[in-house]
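Q: Residue numbers (the numbering used here), protein chains in the order written: chain W, 1 to 311; chain E, 1 to 311; chain U, 1 to 329; chain Y, 1 to 329.
For the record, the hints were derived by calculation from the structure and aren't laboratory data.
A hint or two may mislead.
[Stated by the list, open to error] From the structure, some residues in chain Y lie toward chain U, with a derived Cβ separation under 10 Å:
id: 1; residue: Glu131
id: 2; residue: His139
id: 3; residue: Gly142
id: 4; residue: Lys241
id: 5; residue: Pro265
id: 6; residue: Arg281
id: 7; residue: Cys282
id: 8; residue: Ala284
id: 9; residue: Arg292
id: 10; residue: Arg327
[What the hints assert, rightly or not] Label-pair distances were calculated between CB atoms; the ranges are:
id: 11; chain 1: U; residue 1: Glu231; chain 2: E; residue 2: Ser308; range: 18 to 28 Å
id: 12; chain 1: W; residue 1: Leu309; chain 2: Y; residue 2: Arg256; range: 23 to 33 Å
id: 13; chain 1: Y; residue 1: Arg256; chain 2: U; residue 2: Glu223; range: 36 to 46 Å
id: 14; chain 1: E; residue 1: Pro159; chain 2: U; residue 2: Asp21; range: 28 to 38 Å
id: 15; chain 1: E; residue 1: Ala304; chain 2: Y; residue 2: Thr182; range: 37 to 47 Å
id: 16; chain 1: E; residue 1: Arg231; chain 2: W; residue 2: Arg303; range: 35 to 45 Å
id: 17; chain 1: Y; residue 1: Pro193; chain 2: U; residue 2: Arg254; range: 42 to 52 Å
id: 18; chain 1: W; residue 1: Glu307; chain 2: U; residue 2: Glu250; range: 17 to 27 Å
id: 19; chain 1: E; residue 1: Asp234; chain 2: U; residue 2: Lys47; range: 20 to 30 Å
id: 20; chain 1: E; residue 1: Ala296; chain 2: U; residue 2: Glu325; range: 16 to 26 Å
id: 21; chain 1: Y; residue 1: Gln191; chain 2: U; residue 2: Gly229; range: 52 to 62 Å
id: 22; chain 1: E; residue 1: Pro159; chain 2: U; residue 2: Arg254; range: 17 to 27 Å
[Said to hold, decoys possible] Chain Y side only, calculated, beta carbon under 10 Å to chain U, not exhaustive:
id: 23; residue: Phe48
id: 24; residue: His51
id: 25; residue: Val95
Just so it is clear, CB atoms sit at the ideal spot from N, CA and C, and this is done for glycine as well.
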Amino acid sequence: MLVARRLDDEAIALQRQGVLPAYAPAKGQEAAQVGSAAALDLGRDFAFPCYRELGVAVAMGVDLAGYLATHLNLWHGGLYDPLASRLAPFNAVVGGPVTHAVGWAMGAKLDDTGGAAITYFGDGASSQGDVHEAMNFAGVYRLPVIFFCQNNGWAISVPTADQVAGGSVAARAAGYGIEGVRVDGNDVTAVFEATRAALDRARDGGGPTVIEAMTYRLGPHSTSDDPGRYRTLDDERAWAGRDPLLRAANQLTAEEVAAAEEHAATVVSRVRDDLLALGAPPAEELFSFVYREPTAALLEQQRAWKESLDA
Amino acid sequence: MLVARRLDDEAIALQRQGVLPAYAPAKGQEAAQVGSAAALDLGRDFAFPCYRELGVAVAMGVDLAGYLATHLNLWHGGLYDPLASRLAPFNAVVGGPVTHAVGWAMGAKLDDTGGAAITYFGDGASSQGDVHEAMNFAGVYRLPVIFFCQNNGWAISVPTADQVAGGSVAARAAGYGIEGVRVDGNDVTAVFEATRAALDRARDGGGPTVIEAMTYRLGPHSTSDDPGRYRTLDDERAWAGRDPLLRAANQLTAEEVAAAEEHAATVVSRVRDDLLALGAPPAEELFSFVYREPTAALLEQQRAWKESLDA
Amino acid sequence: MPEFSLQQALNLALRHACEDDDRVLIFGEDVGTLGGVFRVTDGLRDKFGEHRVFDTPLAESAIMGMAVGLAMAGWRPVPEIQFDGFSYPAIDQIVNQVARMHYRSRGVLSMPITLRLPSFGGIKAPEHHGESLEALFAHVPGLKVVSPSTPGEGYHLLRQAIADPDPVIFLEPKSRYWHRETFDPTEAVEQLPVGTSRIVRPGRHATLVAWGAMVARCLQAAELAAEDGVELEVLDLRWLKPIDAAGLAESVARTRRAVVVHEAPLTAGLGAEVSALITERCFAGLRAPVQRVTGFDVPYPSGALEDEYLPSIDRILTAVQTTLEYRRG
Amino acid sequence: MPEFSLQQALNLALRHACEDDDRVLIFGEDVGTLGGVFRVTDGLRDKFGEHRVFDTPLAESAIMGMAVGLAMAGWRPVPEIQFDGFSYPAIDQIVNQVARMHYRSRGVLSMPITLRLPSFGGIKAPEHHGESLEALFAHVPGLKVVSPSTPGEGYHLLRQAIADPDPVIFLEPKSRYWHRETFDPTEAVEQLPVGTSRIVRPGRHATLVAWGAMVARCLQAAELAAEDGVELEVLDLRWLKPIDAAGLAESVARTRRAVVVHEAPLTAGLGAEVSALITERCFAGLRAPVQRVTGFDVPYPSGALEDEYLPSIDRILTAVQTTLEYRRG
Ligand SMILES: Cc1ncc(C[n+]2csc(CCOP(=O)(O)OP(=O)(O)O)c2C)c(N)n1
Ligand SMILES: Cc1ncc(C[n+]2csc(CCOP(=O)(O)OP(=O)(O)O)c2C)c(N)n1
Ligand SMILES: [Mg+2]
Ligand SMILES: [Mg+2]
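Bound-form chain W, shown alone (with noise of 0.2 Å):
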């Protein structure tokens, strides 16, 4: 959780300073993010991330400067290995990855591996339409998927009040037939043993379940975000309050919170000298990977590319 914040703080310094164009502060959801990701098995299960989940990328291992290297602008969707990583590519479209994880845990009930996914997403995605179907197949085939809903209270400038009629996504699951529970979200070990629940309900055969973590985003939007335009400076101030990791911190000795500071201080400054050694794509990777083979097409428009160089 240590390092999820100080990678994000650090993040944050690296936007100022102008190394990164821009970024999607995590801060106040490590507790979430964590919790939960910590409780999955990486040798069977899966997860499919949005743009703000750099704790659920900490607590599963994944390579952290390719991970960021999408701030970097460098590639869209990072440049981890999602399959080494069991982690989905970095995605934009808010709700957009939900459906995968259904398709994916119906893949791995046909293979009966007992994997089960895990997908994220915010209060503002629970109003996608892809969200609604995504749970409604998952009801229907009973399959092992995790739907994980971050509430952190906005989406962008629109309060959850104004999003989630009825005011709860763990609520619309009981009219899915399948599980939904809310949990704090800024409590870790509350977030982990529900996801564990969820889990082990979903290796069962019990189905899908929705976990509605309560919590908040307590940085702007994005680096260009200014949230005075929208909520208070009272509000903020009651949430950090709140924070995740002081209510962490205070189940821990002073001694293990500055082991865990030194810890995080290491990833960090070598999560940062990676981060800054990756450099851009070579400009020939303009045409890669858009088919397995490149087309007629793609080889000619990149032969007239290059002669545009030289000329």
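Got chain W sorted already, so can you dock chains E, U and Y with the ligands onto it with the hints?
A: For chains E, U and Y with the ligands alone, coordinates are given in the frame of chain W:
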């Protein structure tokens, strides 16, 4: 109701005779359709149908030959006037018109007309993302709209059990913080009462309601469908015993039924004559109604087309 | 040699694909018990079981999203969307996810998905059941798009599409489902590579370019023209992405005149791309501007007006005449 | 005369539209309290109230579906979708509903909807924030499509789009939001009719056709070419549906050479339509095939590769050279 049934019978007969190219029978769903539409105040409410709403059209006094003109392949949206009749054009996209009702209801609320929207859709349609988005919007804005789901047991060959996770569309309403009621869709009085209650609530600012009318499609999905491939005769027979018309007839005297049959026969014969009298739209209409005023490109295409006719 | 309708040939291709590769999965609305509204998946559920061939709830976006997840889990999904016009709800998944997951993951994740899409008009169907979406799909990097014109082509192209490692949109010309032809599916035919067109009738006065149901119509037009001594070459484009620019250029370099025919509306239709490609490659030799015979810039009309909307033999022959009579200034 | 950025000019157009017509409604994600992620709706909620200018939940399909219903109830909706790539979830409503309701109802129901869509690339944004959808929209009968290239054009075209009785897709070139220009919005300018292009720089050696942010780039290219004595005409197409075929033909009839420039991928892009239209109308006089300088057939890349993807001045000038040096065989 009887008019709807007899006209439905007639449409099927006309399809067999080769007059109508195809038809989507409403048989068995008359109580749900007529009972709900009869509760509307045509001075201020508005209805949004799909493609199987003959009973709604009958109850709303829509020009029935104009309604059936869709099935005669004359014009996709029908030849009735949607504004005058308060019935939106025939819509073949499953779930497509549901958000329209929400927008219309917002318009009515802004204008403070006291009007409410009702949108008809099926159990199959409930799986569409648009239906979720519509319910969520309606809940957030607390709009005067009724989501009227005819759960007729089937979406073509797929039974409700394999379609609606959790088994109930009405139960989804709670997740949006809105009213949801399930009603015996073959009991015309019960449907009428439920709809009237929902309309009252809507007009009083009480927000949206989901009504799930439990009914059964007694006929095939369309005249080109073969239900024998996916359901048993026993199932059909059981539901035929619960025919909403028999239920209604039981409440009436033999004389009343006879009078109703006579009335229905008159209407059917008139609609049949009107329908057969409808000519195909003139071929030039191919270029009409695309925009308020035709574009230069369309005029040019029309000219070329005319020339090729004369050639 | 046995005779097959296009619908039967596609059914056979699916059957053989399932037999040859047990990672192939078939799903969509009504494809299981019912065997599809056009019966293209008829009998497959009984043969391969409800795990390999299954019905989905009624939600096209989730059908495609599920395909993405299944592909990530190592399966080879062959979803169906019931009709052309109902692929619009799935466009977000198709464009933003299916087409890009391989790219986004720098080639780590494969998307060997074949979307079967009953397409085009000609059967006087309800609204949204007669659309031509090839221009939209062909514009999207990462997708391949193909449409067969005959049962034999249908069989081989569907097998090829399913075997392909990239996502393929397979547009089935529904007005040709019941058209019959003899061919031997067991015969090892020389498989033209992905992206190759086929000359289905050689000629020397002008090239007619078409795909799907319009190929048969162009052949009819060519027969009529032949009676007047005009020999039209008919080129079945087959692959609408990648487009066979070389094949187009080779044919038109010989005939020096071209007419492209499609059902979709004129403006920004794929005919514009074909016209541009031919002009770019054959300008010096071209005797007349490429003619486009297409649907009009109107919504696909109701049955009563459908015949006026679709490119007719008359309109094709008028365009041929225009190109043959064209004199530069 | 006051100076405006495009973002300010659009804001002013919305303000004036709301003042002139109290049926105008503005809504979308974050357009209310926040004033839009690009601040185009800044201050409008305070001025016109939360009934006229409001935030929606995060669902693009419902935003457009709601617009349909509002239009049916007699309102004039001006929804925003936050970014180009997020209009895909709303494509079904746009194509199957917005574009057709007037047609479907035989003209009884009007759809005076203006969809504002921050579009195109050039700002090194995340995935899905740099897409060009004009080819898709221009193919759809019933839609009109327009893109402004300057603050002044932005003001007037947005007023015109909102006043139009048909649905208009308004593509805002986001890389130009902060570009400033003086113009007088109170001045009664001669409003070019819907579907008219504008020659923004006259020239006689070749015509550059562009829209949105590429207009400025073509002007830069033209200035450089002028140093070498090559006089390029720059035509701002403005309306991408209906396209000004007559205007294109008039210009190219004079210059006899054309290069079309756009950000979208080449294949089936709107450049193909422009190329086909010009060729159909100017074939006899055309000295060279129309050149296309476009994005490549790849997904819109990350910031690191964006400059290589977008048409550069070099690539434009290379195409100009090709067309000038072209010799027929
Ligand atoms: C389909 C889609 N629509 C709009 C956007 C623009 N957008 C990016 S993040 C965001 C808000 C998302 O809110 P939420 O789901 O609560 O996630 P959070 O940002 O709070 O983590 C919006 C509107 C998008 N990325 N995708
Ligand atoms: C978006 C969309 N997908 C698919 C179809 C094809 N289709 C027409 S009706 C139907 C079943 C609809 O079931 P339901 O909503 O229960 O309505 P019912 O036919 O039972 O009245 C399907 C799949 C369609 N018209 N629209
Ligand atoms: Mg949020
Ligand atoms: Mg049904």
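Q: Hint by hint, say whether it matches the structure.
A: Results for each hint:
no. : hint                             : verdict
1   : Glu131                           : holds (9 Å)
2   : His139                           : holds (4 Å)
3   : Gly142                           : holds (6 Å)
4   : Lys241                           : holds (7 Å)
5   : Pro265                           : holds (5 Å)
6   : Arg281                           : holds (8 Å)
7   : Cys282                           : holds (9 Å)
8   : Ala284                           : holds (4 Å)
9   : Arg292                           : holds (7 Å)
10  : Arg327                           : holds (8 Å)
11  : Glu231/U to Ser308/E: 18 to 28 Å : holds (22 Å)
12  : Leu309/W to Arg256/Y: 23 to 33 Å : holds (29 Å)
13  : Arg256/Y to Glu223/U: 36 to 46 Å : holds (39 Å)
14  : Pro159/E to Asp21/U: 28 to 38 Å  : holds (30 Å)
15  : Ala304/E to Thr182/Y: 37 to 47 Å : holds (45 Å)
16  : Arg231/E to Arg303/W: 35 to 45 Å : violated (59 Å)
17  : Pro193/Y to Arg254/U: 42 to 52 Å : holds (44 Å)
18  : Glu307/W to Glu250/U: 17 to 27 Å : holds (24 Å)
19  : Asp234/E to Lys47/U: 20 to 30 Å  : holds (27 Å)
20  : Ala296/E to Glu325/U: 16 to 26 Å : holds (25 Å)
21  : Gln191/Y to Gly229/U: 52 to 62 Å : holds (54 Å)
22  : Pro159/E to Arg254/U: 17 to 27 Å : violated (58 Å)
23  : Phe48                            : violated (31 Å)
24  : His51                            : violated (30 Å)
25  : Val95                            : holds (5 Å)
In this structure, the earlier hints numbered 16, 22, 23, 24 are contradicted, and the remaining ones agree with it.
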